[in-house]
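Counting along the sequence shown from 1, when you hit position 178 you're at 178 in full-length UniProt numbering, and nothing is skipped either side.
Treat the hints with caution; some may be incorrect.
Straight-line distance between alpha carbons at most 20 Å, and here's what the computed SDA-like set of lysine to any residue pairs gives [said to hold, decoys possible]:
| # | residue 1 | residue 2 |
| --- | --- | --- |
| 1 | K226 | A250 |
| 2 | K461 | E415 |
| 3 | K381 | R401 |
| 4 | K394 | H445 |
| 5 | K74 | L97 |
| 6 | K336 | N298 |
| 7 | K394 | M423 |
| 8 | K198 | N219 |
| 9 | K336 | N294 |
| 10 | K157 | A209 |
| 11 | K461 | K396 |
| 12 | K381 | L293 |
| 13 | K113 | C457 |
| 14 | K396 | Q435 |
| 15 | K98 | Q110 |
| 16 | K208 | S163 |
| 17 | K158 | H215 |
| 18 | K158 | F176 |
| 19 | K364 | Q378 |
| 20 | K193 | S163 |
| 21 | K381 | A402 |
| 22 | K198 | F176 |
| 23 | K364 | D353 |
| 24 | K361 | R308 |
| 25 | K461 | Q96 |
| 26 | K226 | L258 |
| 27 | K198 | Q162 |
| 28 | K158 | N463 |
| 29 | K193 | N463 |
| 30 | K461 | G393 |
| 31 | K381 | E426 |
| 32 | K158 | L169 |
| 33 | K394 | G347 |
| 34 | K226 | P284 |
| 35 | K404 | A392 |
| 36 | K381 | T337 |
| 37 | K157 | P471 |
| 38 | K394 | D436 |
| 39 | K113 | A152 |
| 40 | K157 | K226 |
For the record, the hints were derived by calculation from the structure and aren't laboratory data.
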Amino acid sequence: MDKNIWTSRRRRGRSHHRSPALRQCDSSERYTSGASQSSQDSGHHDVECPSTSSSKAGESSVPDLPGFYFDPEKNRYFRLLPGHNNCNPLTKEGIQLKEMESRRLQLLQQEDKQKKKIARVGFNASSILRKNQLGFLNFSSYCRLSHELRVACMERKKVEIQSSDPSALASDRFNFILADTTSDRLFTVNDVKIGGSKYGIISLQGLKAPTFEVHMHENLYFTNRKVNSVCWASLNHLDSHILLCLMGLAETPGCATLLPASLFVSSHQAGTDQPGMLCSFRIPGAWSCAWSLNVQANNCFSTGLSRRVLLTNVVTGHRQSYWTNSDVLAQQFAVKTPLLFNGCRSGEIFAIDLRSPSQAKGWKATQIFHDSAVTSVQVFKEEQYLMASDMAGKIKLWDLRATKCVRQYEGHVNEYAYLPLHMHEEEGILVAVGQDCYTRIWSLHDARLLRTIPSPCPTSKANIPSVAFSPRLGGPRGAPGLLMAVQQDLYCFPYSSSCPDGLKEGRWEPSSVSKEDIL
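Work out the full structure: start from the sequences and follow the hints.
Here you go:
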């Protein structure tokens, strides 16, 4: 008898000494089992389960317990398992992916159901037309608001890609896409299933409703090395070549290659283009590249290296180096002034005066700073403002004359990825894809987030979409829209045909853009 009493006291003592987290976990489990048992005994006469409604209302007030995860659907805590080889382990990464996938599916359903969207409250198609007729809106404001409305009403259409090798299209994943200046060609880098990368050019001349068909032009160029950066190069004529920066592999050093677009089969009409020049420059560790359209740096391209900027003349082979304190991850040449803008891993953004020799002390013309590594720099046409993004998810508009930030665009998601910006002054919009696989579109005028487009594919690090926006997809007579490449598929988001005809005629011409429209 005494032994039984001692055992019962010992058990009670153990229960009193257990941690509060485990006691709360046990109480939640007992509450869940009791609630489920009572609901079964009541014969399911209630319309709404009280435990479900209370869990949704108090989901934000549930305390976080170290090592446990609270499931609001089951109203109980579950132990988090480490990421080892257990069968179906419950980890934080898996929980976050499940929540992101659920949110993505909900947004996709809303996109399909809600055909008419409003970018700004109080500005629909009829109100914009009415205010324009009454003279309350000037021409630039009318065109800007009409573009914003049509961007909000874009609908997703899948593009049919024609190719001589359909099996390769089904297996090769899009790495990224890049449209040329006239937006009638799309340069693509695809990851081959057996390893390496493959290049291609897609002709966008057949990208018209209702078929949305394009043709992929085949090529024989492969590489096992990672492609760090790509840009179009105008050596023989406008966009005659593609400049690629390839990463070094083992004993093979990195290089910058000028690949003629004419080498791609049927990528140009016969007799209109002559075979281009294939050039390769041994450049180790190139992170970024840019082609110069400035007359003072004709036939030149720049590569951003580790702690160095290398300027190369393709015709003469002359090279000029500018030493920096950090890796150069983003570059762009100015057209009107002889400046080369660079964004560094340290967060520094500086401009190189191309007229100054590299040995001189005054070759840095402008210098501004971000708090994280800069991934993209875009210079406005008037070259008085600069847009930059970094790996902390910050997108800032800088006044180059005052060297200060004048506007910030909220909502972009980035932690460590190299993600480009797509700025379009004519339409007054800014496009960027976040690391969460969402494509966001802002207004350049006031940094308002106009639209968030979920990815058609499940969210993952390997499925970040690559996009290209153009006011003339398919050439000068093309329609505005957004192209999105993800996995093996290509999607088109054309301007909606449901907008009134009065809005379709408005186009924000470059001559109508003023500093007041930007600021």
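Restraint check for K381 with E426, where alpha carbons must lie at most 20 Å apart
With Cα atoms ~10 Å apart, K381 and E426 stay inside 20 Å; holds.
Is the Cα-Cα distance between K157 and K226 20 Å or less?
With a Cα-Cα distance of about 31 Å, the restraint between K157 and K226 is violated, given a limit of 20 Å.
Are the Cα positions of K404 and A392 separated by 20 Å at most?
Satisfied, since the Cα-Cα distance of roughly 19 Å is no more than 20 Å.
Is the straight-line distance between the alpha-carbon of K157 and that of A209 20 Å or less?
holds, 9 Å
Hey, K198 versus N219, does the alpha-carbon distance stay inside 20 Å?
OK: K198 and N219 at ~8 Å, within 20 Å.
Pair hint K226 and A250, alpha-carbon separation not exceeding 20 Å
Given that 20 Å is the threshold and the Cα spacing comes to 12 Å, the pair holds.
Satisfaction of hint between L258 and K226, Cα-Cα up to 20 Å:
Holds, at roughly 16 Å.
Within a Cα-Cα threshold of 20 Å, do K208 and S163 meet the stated pairing?
Judged against 20 Å, a Cα distance of about 18 Å means the pair holds.
Are the Cα atoms of K381 and T337 separated by 20 Å or less?
Judged against 20 Å, a Cα distance of about 11 Å means the pair holds.
For the pair supplied as a hint, K461 and K396, is the alpha-carbon distance within the 20 Å limit?
violated, 25 Å
Proposed proximity, F176 with K158 (alpha carbon, max 20 Å)
The hint holds at about 17 Å.
Would you check the hint for K113 and A152, treating anything up to 20 Å between C-alpha atoms as holding?
Holds, at roughly 14 Å.
Checked against the numbered hints listed earlier, the structure breaks hints 11 and 40; every other hint is satisfied.
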